[in-house]
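Asker: Below, each chain spelled out in residue letters.
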Amino acid sequence: MAEVKLREVSKLFGSFTAVNDVTLEAEDGEFVVLVGPSGCGKTTTLRMVAGLEDITTGDIYIGERLVNDVPPKDRDIAMVFQNYALYPHMDVYNNMAFGLKLRKIAKKEIERRVREAAELLGIQDKLRSKPRELSGGQRQRVALGRAIVRDPKVFLFDEPLSNLDAKLRVRMRAELSELHDRLKTTTVYVTHDQTEAMTLGHRVAVMKDGLVQQYEAPQTIYDHPANMFVAGFIGSPAMNFLDARVEEENGQLYVKGKGFKLAIAADKATDEVKAYAGKEVVMGIRPEDVRTPEMMHQPREEMQFPARVRVREPLGDEQIVYADCAGDDVVAKLDPHLPIEHGQDITLEAVTERMHLFDKETEKAIV
Amino acid sequence: MTPKALLGRLPLHVFLLVFAFVWVIPTLGLLITSFRTPGDIVGSGWWTTIPRLFDVGQFTLDNYRAVLTQEGLGTAFRNSIFISVPATAISVIVASLAAYGFACLGFVGRKPLFVLVVALMVVPLQMTFIPILPVYRWLRLGGTYPGIWLAHTAYGLPLTTFLMHSFMAGLPKDLFDSASIDGAGPLTTFWRIVMPISVPAVASVFIFQFLWIWNDLLVALVYVGGTPDVAPLTVAVANLVTNRGQNWELLTAAAFITMALPLVVFFALQRYFVRGILAGSVKG
Chain A
10 MAEVKLREVS KLFGSFTAVN DVTLEAEDGE FVVLVGPSGC GKTTTLRMVA
60 GLEDITTGDI YIGERLVNDV PPKDRDIAMV FQNYALYPHM DVYNNMAFGL
110 KLRKIAKKEI ERRVREAAEL LGIQDKLRSK PRELSGGQRQ RVALGRAIVR
160 DPKVFLFDEP LSNLDAKLRV RMRAELSELH DRLKTTTVYV THDQTEAMTL
210 GHRVAVMKDG LVQQYEAPQT IYDHPANMFV AGFIGSPAMN FLDARVEEEN
260 GQLYVKGKGF KLAIAADKAT DEVKAYAGKE VVMGIRPEDV RTPEMMHQPR
310 EEMQFPARVR VREPLGDEQI VYADCAGDDV VAKLDPHLPI EHGQDITLEA
360 VTERMHLFDK ETEKAIV
Chain B
43 MTPKALLGRL PLHVFLLVFA FVWVIPTLGL LITSFRTPGD IVGSGWWTTI
93 PRLFDVGQFT LDNYRAVLTQ EGLGTAFRNS IFISVPATAI SVIVASLAAY
143 GFACLGFVGR KPLFVLVVAL MVVPLQMTFI PILPVYRWLR LGGTYPGIWL
193 AHTAYGLPLT TFLMHSFMAG LPKDLFDSAS IDGAGPLTTF WRIVMPISVP
243 AVASVFIFQF LWIWNDLLVA LVYVGGTPDV APLTVAVANL VTNRGQNWEL
293 LTAAAFITMA LPLVVFFALQ RYFVRGILAG SVKG
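In the order they appear, the protein sequences are chains A and B. Each number in the working numbering corresponds to the 1-based position in the first sequence with 9 added. Each number in the working numbering corresponds to the 1-based position in the second sequence with 42 added.
I should point out that these hints are in silico values taken from the structure, not numbers from a laboratory. Accuracy of the hints is not assured; some may be wrong.
With a straight-line Cα cutoff of 27 Å, these simulated BS3-like cross-link-like pairs (lysine-lysine) come out [stated by the list, open to error]:
hint : chain 1 : residue 1 : chain 2 : residue 2
1    : A       : K288      : A       : K373
2    : A       : K82       : A       : K117
3    : B       : K215      : A       : K217
4    : B       : K215      : A       : K113
5    : A       : K267      : A       : K283
6    : A       : K373      : A       : K267
7    : A       : K82       : A       : K14
8    : A       : K110      : B       : K215
9    : A       : K82       : B       : K215
10   : A       : K193      : A       : K14
11   : B       : K215      : A       : K162
12   : B       : K215      : A       : K139
Rough simulated footprint, nothing fancy, chain B against chain A, three-plus residues with beta-carbon under 8 Å [claimed, not checked]:
hint : segment
13   : 79–91
14   : 105–112
Treat the numbers as computed from the prediction; the structure is a model and nothing was measured. C-beta: ideal position from N, C-alpha, C; glycine also.
Full structure from sequences and hints, please.
Answerer: Here it is, written out as structure tokens:
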């Protein structure tokens, strides 16, 4: 058990900065997810924690120990790779036992640990199978088992579920979550899948271009994204971004775009927003916060705007409506029973209590 | 396969059968001739025995007895094995280690060094005799087993290293990362992970190199040709052609002895051979 600390860690490949001044901390027993698009530096960050990549500048601590120059095998970590990286010529038992054998652990103890892990993962009847005889999910379990038997201070996961089909991925995601609840080992988990990040992480670090954009609890990231990138990356369908201008009329703040003029809710009308009066901003609003007046208990006209339906995707429990609002694209997640048709003119209502405003230049959140 | 598809492939199969038959004829002639008496060989063609192939009385083992004992082919056969097996084993091990280094270990200058090693393939080995022979004399390696092992290993290394490298470069990098986290150093990784996985490549390189060394005359002649105690079959057969050029019964028996082991090796390892050639070029 140990915490993992990264202090101003950077990694340069030639003149390319893969990881830029990353400071992160995973507390003892915490499940931390690094998420971001490909090439954002999340895997490189993980590999530096593992010791598979050298650190250009900065410090990495595992527990109280500075591990910058400690080789991977002495860092007391275990890693699960995207393609499992099982040893193809060894059976499941030996795949799991290999690391223990090299550490000269007694044979009986190895046997005990492997059996325990195999039982935990439900692969006890596969111990004599070769990796090629296993399904994707079973291979994934072996890879997990190989990490578990080592009983390390830290688990490192590098997109462990991305090679599985959608159904299995959801199941393994739940199993991983359960496993962590049982073992309570500090975990750093890399993924490009925002759903995985949201569901698994105690805290999520959203990365882009080698920089950590935001590092907080998943719900906080969802509710209060620090900038437009985080806002757009987390959530599906992605948040609507509409160019707008902040205006003040008789003490009431409005956000006015090409096809809409919405009153800003009182708790969002902060001094920071007031300072933007008369200035260009980007309004962000999540699809589930764009509704129709029929869905509201108390429809508020000052928060409504007209739009024309372009595409409608009924999903059973909801319908996603892609609409056109004076040339701007607006996506709304609506009640599936509303009679909405292609090409229809509708009125939408924005829940401006849950609206976001971003600075147009810096793309940082104003509120 | 449907009957129609089978019919479509028929011309191909006929063609292959004819080709294989034409290829096998000389070998068959060689084999039959080697069992006939000198009188029969001069008297009639080997194919005349075919209608009465199972009449064992017409054949004799005397030719084999003669070449193996009187003509010293027995010793030469043993020498060939003493030369080929260790020389092949040494080249395969050295090439595997080198390929592992080039493919899997990061060290400064590995690319130019690898290019240099592969580029050595274009150097004709005849060019090397004059500079190397004085060194061999100085080290007293001429006419010895270690001497010819060294020569064959060195001449084979560019190609064997290249072949092993193309296989190992295709191994997933995660495997090495995983091994290093598991606590395996480079050598442990090599012996316990890389070599077991590389069996198909090792087998095919082994066959290549073994056949090359077994059939080699030039290198053997230059490095151990003057020492009958060490000289391999190829040298002995060449001498036999010079000394007993008219004795077809001896020459054919000697030739067949020379062919026998490569045939055994090839048939024993042929499934690796095909797979090994494909390995690295085709994924999976």
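Asker: Between the alpha carbons of K215/B and K113/A, is the straight-line distance 27 Å or under?
Answerer: This hinted pair holds, its Cα atoms lying about 25 Å apart.
Asker: Verify the proposed pairing of K82/A with K215/B, using a straight-line Cα cut of 27 Å.
Answerer: 17 Å, holds
Asker: For the segment 105–112 of chain A, does the count of residues with a C-beta closer than 8 Å to a C-beta of chain B reach 3?
Answerer: holds (count 4)
Asker: Going straight from one Cα to the other, do K82/A and K117/A come out at no more than 27 Å?
Answerer: Holds. K82/A to K117/A sits at ~22 Å (cutoff 27 Å).
Asker: Between K288/A and K373/A, does the CA-CA distance stay at or below 27 Å?
Answerer: This hinted pair holds, its Cα atoms lying about 15 Å apart.
Asker: Mind taking a look at whether chain B covers the segment 79–91 of chain A? Criterion is 3 or more residues with CB to CB distance under 8 Å.
Answerer: Coverage by chain B holds here, the residue count being 8 at a Cβ distance below 8 Å.
Asker: Within 27 Å, alpha carbon to alpha carbon, are K215/B and K217/A?
Answerer: With Cα atoms ~25 Å apart, K215/B and K217/A stay inside 27 Å; holds.
Asker: Holds or violated: are the alpha carbons of K267/A and K283/A at most 27 Å from each other?
Answerer: Holds. K267/A to K283/A sits at ~20 Å (cutoff 27 Å).
Asker: Between K215/B and K162/A, does the CA-CA distance stay at or below 27 Å?
Answerer: Between K215/B and K162/A the Cα gap is close to 24 Å, so the pair holds against 27 Å.
Asker: Is K110/A within 27 Å of K215/B, Cα to Cα?
Answerer: 22 Å, holds
Asker: Would you mind confirming whether the straight-line C-alpha gap from K193/A to K14/A stays at or under 27 Å?
Answerer: 17 Å, holds
Asker: Regarding the pair K373/A and K267/A, is the alpha-carbon distance no greater than 27 Å?
Answerer: The given pair, whose Cα atoms are some 22 Å apart, holds under the 27 Å limit.
Checked against the numbered hints above, the structure violates none of them.
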